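> Given next are the chains, with one letter for each unit.
2 protein chains.
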Amino acid sequence: MKRLVLKFGGTSVANLERIAHVAEIVAARYQECPALAVVVSAMSGKTNELVEWTKEAAGPALHGAEYDDEYDVVVASGEQVTAGLLALALRKRGLKARSWLGWQLQLKTDTAHGKARILGCDNPAFQKSVDSGEIAVVAGFQGVDDHGRVATLGRGGSDTSAVAVAAALKAGLCDIYTDVDGVYTTDPRITPKARRLEKISYEEMLELASLGAKVLQTRSVELAMNHRVPVRVLSSFEGPVAQPNSGTLVCDEEQIVEKQVVSGVAYSRDEAKFTLIGVDDHPGVAAIIFGELADAGVNVDMIVQASAKSEGRQNIVFTAPDRDAAHAGAVLEKARDKIGYQGLNVARDVAKVSVIGVGMRSHAGVAKTMFQALSAKGINIQVISTSEIKISVLIDANYTELAVRALHTAYGLDAD
Amino acid sequence: MKRLVLKFGGTSVANLERIAHVAEIVAARYQECPALAVVVSAMSGKTNELVEWTKEAAGPALHGAEYDDEYDVVVASGEQVTAGLLALALRKRGLKARSWLGWQLQLKTDTAHGKARILGCDNPAFQKSVDSGEIAVVAGFQGVDDHGRVATLGRGGSDTSAVAVAAALKAGLCDIYTDVDGVYTTDPRITPKARRLEKISYEEMLELASLGAKVLQTRSVELAMNHRVPVRVLSSFEGPVAQPNSGTLVCDEEQIVEKQVVSGVAYSRDEAKFTLIGVDDHPGVAAIIFGELADAGVNVDMIVQASAKSEGRQNIVFTAPDRDAAHAGAVLEKARDKIGYQGLNVARDVAKVSVIGVGMRSHAGVAKTMFQALSAKGINIQVISTSEIKISVLIDANYTELAVRALHTAYGLDAD
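Protein chains in written order, with our numbering: chain L, 63 to 478; chain P, 63 to 478.
Honestly, the hints are just simulated from the structure, not real lab data.
This list has only true hints and no planted wrong ones.
Identical chains share a label here; the pair holds if one copy fits it or two copies do between them.
Straight-line Cα separation of at most 30 Å, DSS-like style, residue types lysine-lysine; simulated pairs:
#1 K158 with K177
#2 K177 with K154
#3 K321 with K64
#4 K154 with K117
#5 K321 with K439
#6 K170 with K158
#7 K117 with K158
#8 K158 with K108
#9 K261 with K64
#10 K108 with K154
#11 K255 with K430
#12 K232 with K177
Computed from a predicted model, the values in this text were never measured in an experiment.
Bound-form chain L, shown alone:
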């Protein structure tokens, strides 16, 4: 293998004992590949503490974009500490290692402080150091903008850092160590029949991540897909030497020999359903509604324009994250005259259940199986939305677990 990138999250480096354990894992992996970079998060809980301090310093009411550059200065210190400590722990084991902070790595970002996007990472000194056998311990979650200011990537950004480092190094593999041992066909807390997937395609993983499976951050999967970086999710709570088939490899569809029609069942309870009743039926009305919501930063998901019309009016139904429900409601209330509607109904006791699989592209009858399985359990479908590799339905939140289990069985995903 040419070069290898490992990433350890906050729970894996939560204290000095865990950091020593990570050093043990890294030492074992170094035997396998001596051109190695390790990306680390802040110690678990540390980021929250730092965020609280910034809120206290700036005042909660004032927190906003005009504070975000200094917020980044404070919060990025968490990963700096972990990177230095892991470098020390590796040296204690007799290995060559050094830390790299965002500005040393020259991981360039835009200036959207607090949620910056990575623009690139091209640092010959970094590559040279890695190729010389010196383990690079990279402070995740942080980069540097064009003005030479510290910028953080937002929550979960260390995954994205790891993939960006892997892309920059043209690494053969990016191993994301976490507190779960891979990606599952569904949430194992809902059904014990959930199975670990050996492989999953970038596209499927992207749908799963967007749908709330918290294993990998969405943007890290996008970046991996764009740069064709093979990413593996595995547990840091096992022994130092990963078993050959442990974890889940996120890779190109072509590398998956036995394709399932449906690879997994996902769900999200952070959903709210908005029904705009009696909307004026004239061209451009949808553009007005969703323009207002987009300007207010509300992330609209499913949209259904009901076909039944009467007197030139129609109903429009859409979903948005439940945490934005009050905000979205206020936006719509304010724009009532501009949009022209008779009533607004907001349902917050709804959940979204989705089945994902690249096999859908070439298989008919996938939706039929879904609707039949839900119908057999007496579950009513409120909204349907589909993509090339995903079918999502909105249902009463009380039925979430029942629906997930029924679909897991219906698509043959249950473990033996």
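Following the hints, position chain P against chain L.
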């Protein structure tokens, strides 16, 4: 005033409440001078915590130069957090402010990690920002070396950072806010008659700092003297607006109109007295003894070569910090044959008491006053050492307070 530099130590920024208080002081000082830089330490206790972590990560037995670069990465994060938080607190008050980390400031140091020396600071962008009215909140204690690695200045280094920033900005004044309200004629815990000095010369302050008065770090005073930066020591625990005559100004001798013969009485209990008995009296023997000790990192202070000789042998007496006593003893034991001596005696129950004053240069009888005052109290002098502006004596440690009080009175330093 052209430009102003303020520095706040760890107890002044110990928590969010104290940081808000510092912001209040800074806001008041900004009215007086809108070209302002503020240098901050880590929150009190934070550096100790980070140091402990590095020891735990690297292993206590292994701690040394080969770890110091990563030690610096970890420990420097403390000042980074405070700088960001104070910038936020200043913005909350409606002021323009931004943080500057060592690498952003381009505060260049040598590569002696953990105790780096400042080489210089020349950053036009920094000066421009300060002159534009944007308050610069500088993370103290840290710089960047030629390899682009983080370097820390060692304990108390934030004072030195502040003076370096003041020198770079050609500031009219560098105000060091601390938990005492100035420099005293002696330790107020020993005599309530100790008086705050309104002014003290760089040379006197340098002697006081070297002698263990912990108000300012020695290197910060050296740097201030070399660059002729007026430094004022004052308390951050008073109101936001400093009174015109508060604190103690450390300045050129020429600026002090009413010169005292003796300005202060200092003492140190961290002393050990070594007596090498029956040393071969041949040329170069002193070079061997103190060469061995210097190579071992022992900081030798007073040296006396006893004049009484017998059979070509002599006694050599010197002092070193008590904390190095065991180490120095071992070094001398090991070099016994190389040096050639008959016995070694180490006394650890000794203290050094010193009187300091630039007035000594032009006044006779200063030493006589000292010896008479000590003699009158029955205090025996074991070793004497003098410089142009200082007389130090080594005495039995039990008499420390008595000696300090007697000298304070004898030189007319007692408050009314």
